[in-house]
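Asker: Spelled out, the chains give:
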Amino acid sequence: MRPAGRAETDSLYFTYPHFDPPAERSQLSDPAAVAIVGAGPVGLTAALALAKEGIRSVLLDAKATFNDGSRAICIARQSYHILDRLGAVGPFLEKSLGWTTGRSFYRGRQILEFQMPDSPREKYRPMYNLEQQYIEQFLWDAVAREPLIDARWQSRVTGVEDADAGVLLAVEDPLGGYRLKADWLLAADGARSTVRGLRDLRLKGENFEGRYVIADVQMDHDYPTIRRALFDPDCRRGGTILVHRQPDNIWRIDYQLRDGEDEAEAIREDTVRASVAAVLQEIGYSGAWDLEWWSIYSANTLALDDYRDGRVFFIGDSAHIVPIFGVRGLNNGLADAQNIAWKLARVLQGKAGEALLDSYTPERRGATLDVFVNASKSARFMTPPTAGWQLMRDAALNLALSHPFAGALANPRQMTPYTYEDSPIVQPDDPAFEGGPCPGATLPEARVEECFLSDLLGPGFTLMSFGADLADSLSDLDITFVNLQPASEAAEVLAAEATSAYLVRPDMHIAARWHEVDPDSIRQAFIQSLAGETA
Amino acid sequence: MMTPADLETVYEAMAEQLDAIAPTKRELFLAKLVLLLSNDLADAERVRQCIAEAAGNLDA
Ligand SMILES: Cc1cc2nc3c(=O)[nH]c(=O)nc-3n(C[C@H](O)[C@H](O)[C@H](O)COP(=O)(O)OP(=O)(O)OC[C@H]3O[C@@H](n4cnc5c(N)ncnc54)[C@H](O)[C@@H]3O)c2cc1C
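The listed protein sequences correspond, in order, to chains B and E. Be aware that the first sequence starts at 1, since it is given in the UniProt record's numbering, and climbs by one per residue. Be aware that the second sequence starts at 1, since it is given in the UniProt record's numbering, and climbs by one per residue.
None of the hints are false.
Label pairs and their computed distance ranges (CB to CB):
{"no.": "1", "chain 1": "B", "residue 1": "Y297", "chain 2": "E", "residue 2": "A13", "range": "43 to 53 Å"}
{"no.": "2", "chain 1": "E", "residue 1": "Y11", "chain 2": "B", "residue 2": "K377", "range": "34 to 44 Å"}
{"no.": "3", "chain 1": "E", "residue 1": "A55", "chain 2": "B", "residue 2": "A498", "range": "56 to 66 Å"}
Facing chain E, according to a computed beta carbon distance under 10 Å, are these residues of chain B, among others:
{"no.": "4", "residue": "M392"}
{"no.": "5", "residue": "A395"}
{"no.": "6", "residue": "N398"}
{"no.": "7", "residue": "H403"}
{"no.": "8", "residue": "A406"}
FYI, nobody ran anything at the bench for these hints, they're computed from the structure. Predicted, not measured: the structure shown is a model, and the values here were computed from it. Quick reminder that beta carbons are idealized off the backbone N, C-alpha and C, glycines included.
My request is simple: use the sequences and hints to build the entire structure.
Answerer: Structure representation (structure tokens):
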């Protein structure tokens, strides 16, 4: 929502583009290998990830511009790696604000300062703040340059039927309606997914009681990019407030509504203005400010039981809704897009068995369930559901005024990438390792001469070894071979000896590792990682 | 194990402290005390046993 007199996309700092429906009509019904419904951040990323693998797609969105408002603003380190691998990270780095520190306050006094894990070994900071319009803009700029993506705006999908080895979509735009046959469909059409409804599927899970108003204001506020959490502040007794800095002097203020507080009343412009003014007073800001945009958000944990339905895959918010304080909604969606894209591309190219696609749900739904566990813990702290949780929360905060150890209970769960331990395509760990990341985890970062370990990854699978020369005996496999120095920083991070090797997937997750490697076991693991037939 | 005399001083200090605290804040005080003692004891398993034991016989 925006202040009276301003249209939905009338922003103080961002010019929304306008996209026309497709003018050239003759090929609209040409069959597509992959159709993607929804050009939000997740659909855009999926189209880019497919194109990077050489796969064409048709990308359909009902709107004539980007999503309104800044919505998701925290992009995590692993998402920057995803964008990096898509060749799209440049403008993100330039515009966004990286951060590592959080501060928590109780009744106006600081009780905790925490650092998210970071070091010179890392190419990217643990978190970056950037308004969602810019996220969509920068992804769109990359999509618009990509000849393999046929993007169609103002194109609403209104029907999905199963067809012979594919689906038949009904599409409507202002110039007419048509049908489109696609071999595979990626449903990236958001929380209110049309495709999910058409397939008769339902999100399942819990609604937490917590409701938050999220408001963006523009002001010259002098405070570093540090996430602030205010517990039980004077201006909102019993509630929790989050304050985040964004580019363009925009500040995100999230405040929790009290039980029984009326929603319609809470989102009226003058109520929002009064609430924001009280928060600004609380944080000691007395200068001028402009209200940019606001919305209301509730802390749900909902997911589909299966992210696949025949030839349809659900990615992003269409598959899962998570509470905002985990900052996983958008980040998990980007990982969904990357995960399905490399798998689908290899199946379409005949390089992988179709069973590879069955690893998508266990890997990505597993990541969502992991968020739910952490989000439920955060939610119980931010929004205590019962008297017992409330008392212990208050006791921890109150004790933290004098004893910093208790402040650690106010630390939000860290956003670490999920480990695909139970995936059907991830190999069991080699027990000979002492330390280092296990199969299913993401590749940790390290400095290698002038660059980073992740910079050495090939476009597909990569084998990292530390002296063992394996390229000759495996040259028929579609693998990039990287030889690293034993006793280097990379070797240390990976707990690797001269005989060790790691097989890394296109999405930077580790497929397998060996303390003492031999070519045959690499061959087997590579084939199994693609759900192929092993000899 | 504490000596009976030591235990008695704790008993007395608690009684006096509880009386000195407004009735509406006693629960908060007790919860803080548990966190503080737990941190000193540094034995989560033992504390959880104590929590269960203290919950027994409340209606006796
Ligand atoms: C008001 C609001 C506030 C939010 N705040 C936060 C926040 O503070 N922090 C956070 O982490 N997350 C937040 N989120 C969530 C975050 O925005 C989402 O996780 C993220 O946008 C998910 O991206 P997506 O691409 O899956 O879906 P969306 O961004 O919802 O994109 C879906 C796209 O599909 C299109 N579409 C829908 N139906 C059809 C159809 N039938 N045919 C064609 N196209 C269709 C839509 O036009 C839209 O462009 C918020 C969301 C909302 C709505």
